[in-house]
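Chains as they are written, first to last, in our numbering: chain A, 1 to 301; chain B, 1 to 301.
Derived by calculation from the structure, the hints in this document are not laboratory data. Among the clues, some could well be false.
Identical copies go unnamed one by one, so any copy, or any two together, can satisfy a pair.
In silico SDA-like cross-links for lysine to any residue, where the CA-CA straight-line distance does not exceed 25 angstroms [to be verified]: (1) Lys284 <-> Glu249; (2) Lys284 <-> Glu256; (3) Lys114 <-> Val9; (4) Lys284 <-> Leu221; (5) Lys284 <-> Gln240; (6) Lys284 <-> Ile228; (7) Lys284 <-> Gly220; (8) Lys20 <-> Leu223; (9) Lys284 <-> Asp237; (10) Lys284 <-> Thr241.
Fair warning: this is a prediction, and the values are worked out from it, not measured in the lab.
2 protein chains.
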Amino acid sequence: MKDLLVECVPNFSEGRDGSKVDALAAAIASVPGSSILHRTSDSDHNRSVITFAGRSEAVIESALRAAHVARELIDLNHHTGAHPRLGALDVLPFVPLGATSLESCIEFAHRAGKRIWDELGIPVYFYEVAALRPERQKLENVRRGEFEGLRAEALTDTAKAPDLGGPALHPTAGAVIVGARKFLIAYNINLRTPDLGVAKAIAKQIRASSGGLPAVKALGLALPSRGIVQVSMNLTDFEQTPIHVVFLEVVRLAAEYGVEVEESELIGLMPRKALEIAAAGLLKLSDFDSSRVVENRLESL
Amino acid sequence: MKDLLVECVPNFSEGRDGSKVDALAAAIASVPGSSILHRTSDSDHNRSVITFAGRSEAVIESALRAAHVARELIDLNHHTGAHPRLGALDVLPFVPLGATSLESCIEFAHRAGKRIWDELGIPVYFYEVAALRPERQKLENVRRGEFEGLRAEALTDTAKAPDLGGPALHPTAGAVIVGARKFLIAYNINLRTPDLGVAKAIAKQIRASSGGLPAVKALGLALPSRGIVQVSMNLTDFEQTPIHVVFLEVVRLAAEYGVEVEESELIGLMPRKALEIAAAGLLKLSDFDSSRVVENRLESL
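Make a model of the complete structure from these sequences and hints.
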C-alpha cells in the first residue's frame with residue numbers, strides 16, 4: 001500500500017466546549033505527518049469540523065486517535081444541537097489530494113472503518129462512494145433517525161444495521177459514518193451590478209439541480225456593503241466540471257444581462273489539480289498534463 | 001542554509017561523443033536526490049545541455065561532479081563547433097523552482113563557483129544576476145574572445161580575469177561561467193489562419209525588443225503541414241510577464257486581424273508557480289497566493 005497524500009474532514013458532535021475540541025485537534029496533530037489545515041466550531045449546531053491532511057498512514061492513524069478521544073469526551077445521550085448526528089465522531093470522509101485517486105480514498109475509508117470497529121468498538125456505516133450498499137451512498141439516508149432512533153432500529157431491522165459491528169450502536173458514541181468523496185471547492189464569482197435578480201438567475205441557470213452544469217451548487221447573494229452581487233457556489237467534482245468551465249459560463253451568462261464579472265474568489269483552499277486543469281483549459285494548452293509541471297515531474301521520479 | 005528546490009542547466013562543450021555525454025549524465029545522476037529532466041546534444045554546435053533538478057545540496061554536488069568529469073573528458077585545445085565556448089563545462093545556471101527565490105539561486109551559484117575553483121582548480125566567472133561586476137551580467141560579454149582568446153587576455157588584462165582563480169585559465173577545461181536566472185518557458189500560440197504575415201506582425205507587436213511585453217521573445221512561424229501559423233515565444237520572466245498576459249494579448253491582437261487562437265502549447269516543462277499565476281489571473285481570483293493550494297500549504301507546514 002503506497003503512502004499517498006490525502007485530506008480528511010471529520011465532523012464531531014461537539015461545538016460548544018472549546019477544551020474538548022482542542023483535545024480532538026491535539027489527538028489529530030499528535031501523529032507526525034498529519035497537519036491541521038482548518039478548524040471551525042458552531043455552537044448552534046453543536047458541531048466542529050477539523051480539516052487535516054498528510055500521507056495516508058499518518059492520516060488514518062490521526063482519524064483513529066480522534067475517534068478514540070471523541071468516544072471518551074462526547075456522550076450523545078446528553079447532546080443537543082440543530083445539526084443531525086449519529087456519532088460522537090459523526091462523519092469521516094477521505095478526500096484525494098495530489099495524484100491520489102478517489103479509489104485509493106475508498107480503501108483508506110474501509111481500512112479506517114475496520115480499525116474503528118476492531119480497536120474502538122464503535123460500529124461503522126460507509127457512505128458516498130465508499131458505501132457497501134447503494135442506498136447508503138447518500139449521507140442523509142444513513143443518518144435518518146439519528147442516534148436516538150437508529151440505536152433501536154438497528155437492533156431489529158437489518159436494513160438499518162451498521163456495515164461493521166453492531167447491531168447495537170455504541171451506548172455513548174453511536175456510530176461513525178466513514179466515506180470517500182472528491183474535494184469540495186467553495187468558489188464565488190462577483191458581478192459588477194447591484195441587481196440581485198441577475199445573480200439569482202445565473203445561479204439557477206448553472207446549478208446542477210435545475211439542469212445546469214453537473215456537480216455545481218449555486219446561490220445568488222447580495223453583497224450590499226459593496227453594492228454588487230455574487231454567484232456563490234460549491235463545486236463538488238472539479239474534474240467533471242472544472243473551475244474554468246464554471247467561470248466562462250458565468251461570464252457568458254452575465255454578458256447576456258449586460259453585466260461584467262468583477263472578480264472571483266476561492267473560499268478556503270483548493271487542490272493543485274483543480275488549478276492545473278483550470279490553467280490548461282483557459283490557456284487552451286494542448287497536450288498538457290500534470291507531468292509538464294517541473295515540480296510534479298520531480299516528485300514522480 | 002535551507003535545502004531548497006532548484007533546477008540546474010549545465011551546457012557542456014561536447015555534443016558528438018555520446019559516451020562522454022553519458023558519462024556527464026551519469027556523474028549528475030550519481031548524487032541521490034538529483035534527477036535529470038532532459039538532455040539534448042547538437043553535433044554541429046558540439047554542445048550538450050543536461051537539465052536536472054532537486055534539492056540545492058544535491059544539485060550543487062551534482063554540478064561539481066559534472067564539472068570534474070568535464071575537466072577529465074573534454075580538452076578545449078581540440079574542440080571544434082559552431083557554438084562559442086569558454087569552458088569544458090561552459091555555462092552553469094541555477095534556476096528557482098517551487099518557493100525558492102532567485103536570491104537563493106545566486107547563493108547556490110556562488111557556492112558552486114567557489115567549490116569549482118577550490119576543489120577542481122577551474123577558474124570561474126559569474127554572470128546574469130550572480131555577476132560580481134555589472135559588465136559581466138551578459139553572457140556574451142563574459143564569453144567574448146572564447147577559450148582561445150581569453151586564456152591570453154586574462155593573464156594581462158584584469159578586466160578579463162576570472163572572478164575566482166586564475167588569472168590563467170585551466171589549460172584544457174578553460175573556465176566555468178556560473179550564474180542564476182529565472183526559469184525560461186518556451187510557449188507557442190497557434191493561430192487559425194494560413195497567413196504567416198499575421199503571426200509575424202503579432203510576434204513583432206508583443207516582443208520586448210520592439211517595445212512589446214517585457215521579458216518576451218517572439219517569432220512568427222508557418223506550420224505548413226497544418227495550414228496554420230504560430231507565434232513562437234520564449235518567456236524569460238514569467239513573474240514580470242505571466243503566461244496569461246501573453247495569451248490574452250495574442251488573443252486580442254489576433255482578433256484585430258479577424259483571426260482566432262486555435263490552441264497554445266508548452267515546449268518542455270514549466271514551473272508550478274507559472275501555472276498558478278496564470279490560473280489566478282485568468283479566473284480573476286482576488287486574494288490568491290500559492291498558500292491557497294492545499295498541497296502547497298501542506299509542504300510549507
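Cross-check of the supplied hints:
1. Lys284 <-> Glu249: Both ways: lysine 284 and glutamate 249 sit 16 angstroms apart in one copy and 14 angstroms across, limit 25 angstroms.
2. Lys284 <-> Glu256: This pair counts as both: shortest intra-copy Cα distance 24 angstroms, inter-copy 19 angstroms.
3. Lys114 <-> Val9: within (18 angstroms within a copy, 50 angstroms between copies)
4. Lys284 <-> Leu221: between (31 angstroms within a copy, 19 angstroms between copies)
5. Lys284 <-> Gln240: both (17 angstroms within a copy, 21 angstroms between copies)
6. Lys284 <-> Ile228: between (30 angstroms within a copy, 16 angstroms between copies)
7. Lys284 <-> Gly220: between (29 angstroms within a copy, 19 angstroms between copies)
8. Lys20 <-> Leu223: neither (35 angstroms within a copy, 66 angstroms between copies)
9. Lys284 <-> Asp237: Both, since 21 angstroms and 21 angstroms are each at most 25 angstroms.
10. Lys284 <-> Thr241: both (16 angstroms within a copy, 18 angstroms between copies)
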